[in-house]
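Asks: Just need the whole structure built from these sequences, with the hints factored in.
For what it's worth, my numbering labels the leading residue of the sequence shown as 914, then goes sequentially.
Heads up, a few of these hints could be off.
[Said to hold, decoys possible] With beta-carbon atoms standing in for the labels, derived distance ranges:
hint : residue 1 : residue 2 : range
1    : M957      : D931      : 18 to 26 Å
2    : V1024     : A924      : 27 to 35 Å
3    : G948      : A924      : 33 to 41 Å
4    : G968      : D1026     : 27 to 35 Å
5    : A947      : E1027     : 14 to 22 Å
6    : H1023     : D931      : 29 to 37 Å
The set of hints was computed from the structure by calculation and includes no laboratory data.
Built from N, CA and C at the ideal position, the CB exists for glycine as well.
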Amino acid sequence: MIHVAALPGTAAGREPLDKIIARARGEAALYRSAGIHGLMIENMHDTPYLRGATGPEVTAAMTAVGKAVKEGARIPVGVQILAGANQEALAAALAAGLDFIRAEGFVFAHVADEGLMQSCAA
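Replies: This is the structure in C-alpha cells:
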C-alpha cells in the first residue's frame, strides 16, 4: 500500500502534486524491487475524511498519481479513495489505466471513524 501524501485542495494538503507523484513513484520502485506482486495507492493523509464523496480535485490527483505509479510497473496497481468514495476510485482507475479498486463497504454497511458507512452495492 502506498499511502499518498495529503493532496492539494484537501485540509492537510501542503505539497505540490509533482512532489507527491515523485514520492509515490519512488515507493512503488522500492516495493517492486522487493518482489511485491501488486500495489495499491490510497489517500490516507487526506484528513478529515469525507464520508462517501470527495471533491473532483482528489479524483484528479489520485488519477495522476495512479497513472504515474502504473507506468512501467509491470505488476497490478489499484486505488482506494477514502472514505468510501468508490465511484471516484472507479473513475480514477479507469482514467489512469489501473487494474482494480478497493471498494469500501460494497456489500455491508459498517461503522467507521466517519460514522455509518452505507453499502453501495444496491
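Asks: Each hint should be assessed against the structure and marked as holding or not.
Replies: Tested hints:
For M957 and D931, the hinted distance range of 18 to 26 Å is satisfied, since their beta carbons lie about 20 Å from each other. Taking the beta carbon of each, V1024 and A924 are about 23 Å apart, not inside 27 to 35 Å as hinted. Checked against the hint of 33 to 41 Å, the pair G948 and A924 passes, with Cβ atoms roughly 36 Å apart. Look at G968 against D1026: about 19 Å separates their beta carbons, and that is not inside 27 to 35 Å.
As the Cβ distance of A947 to E1027 is approximately 32 Å, the hint placing it in 14 to 22 Å is violated. A beta carbon spacing of about 36 Å between H1023 and D931 agrees with the range 29 to 37 Å that was offered as a hint.
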